[in-house]
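Q: Spelled out, the chains give:
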Amino acid sequence: GQSLEQPSEVTAVEGAIVQINCTYQTSGFYGLSWYQQHDGGAPTFLSYNALDGLEETGRFSSFLSRSDSYGYLLLQELQMKDSASYFCAVRDKKGGGNKLTFGTGTQLKVEL
Amino acid sequence: DSGVTQTPKHLITATGQRVTLRCSPRSGDLSVYWYQQSLDQGLQFLIQYYNGEERAKGNILERFSAQQFPDLHSELNLSSLELGDSALYFCASSVGEGGKAFFGQGTRLTVV
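Here the protein sequences come in this chain order: A and B.
Residue numbering for the first sequence follows the numbering used here, beginning at 1 and increasing consecutively.
Residue numbering for the second sequence follows the numbering used here, beginning at 113 and increasing consecutively.
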């Protein structure tokens, strides 16, 4: 089956840069997504990597290395509103269909 | 607003009962996914539909079933409810079967 590992909690100060790592084990891998979820809210899409390399979207960047089964989300110029849970998710097409399997999430706390 | 609509927002029911959760995907999206999120837990993939056809299944209990209708809305049926079924149930949709999915606000189910 699939498994994803990411740190359970990360703390950083406002204005800093933080990296949230994600390692995965799966077959039929198609890509790695990142989602943000505030307490009590719905997950919102941040980025998707299907190919190796870095994707940049404003203050957020995401990186993928397929050979290492590893990716990360980089958040720059942290703001208080970035305090949330961040999930990596693997897009897996083993057996047909499109399983989007989520990791257990990393809770990011941004402090003054 | 993601464009994905879930009803109801809250549901309180007794053990042994059956409920139906409804999801209307974003206009034009053909894929619908259902997830369960228990307190302080990650998102557990339940099932995916694409254009009316079941495409992928996760750890969905036999007491749970789903379908996607010709107008692309989807329903998740939960029966013989147990206390442990209390959770947030999210529906998400995507255009195809890619890694970018849009989530509804969820249905909070409480089984008493």
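There's no promise every hint is true.
Heads up, simulated DSS-like pairs for lysine-lysine below, C-alpha to C-alpha not over 27 Å straight-line [said to hold, decoys possible]:
| no. | chain 1 | residue 1 | chain 2 | residue 2 |
| --- | --- | --- | --- | --- |
| 1 | A | K81 | A | K109 |
| 2 | A | K93 | B | K121 |
| 3 | A | K109 | B | K212 |
| 4 | B | K121 | B | K212 |
| 5 | B | K169 | A | K109 |
| 6 | A | K93 | B | K212 |
| 7 | B | K212 | B | K169 |
| 8 | B | K169 | B | K121 |
| 9 | A | K81 | B | K169 |
In short, the hints are calculated from the structure, not lab data.
Q: Confirm or reject each hint.
A: Against the structure, the hints come out as follows:
no. : hint              : verdict
1   : K81(A) / K109(A)  : holds (10 Å)
2   : K93(A) / K121(B)  : violated (31 Å)
3   : K109(A) / K212(B) : holds (25 Å)
4   : K121(B) / K212(B) : holds (23 Å)
5   : K169(B) / K109(A) : violated (34 Å)
6   : K93(A) / K212(B)  : holds (14 Å)
7   : K212(B) / K169(B) : holds (18 Å)
8   : K169(B) / K121(B) : holds (24 Å)
9   : K81(A) / K169(B)  : violated (34 Å)
Checked against the numbered hints given earlier, the structure breaks hints 2, 5, 9 and satisfies all the rest.
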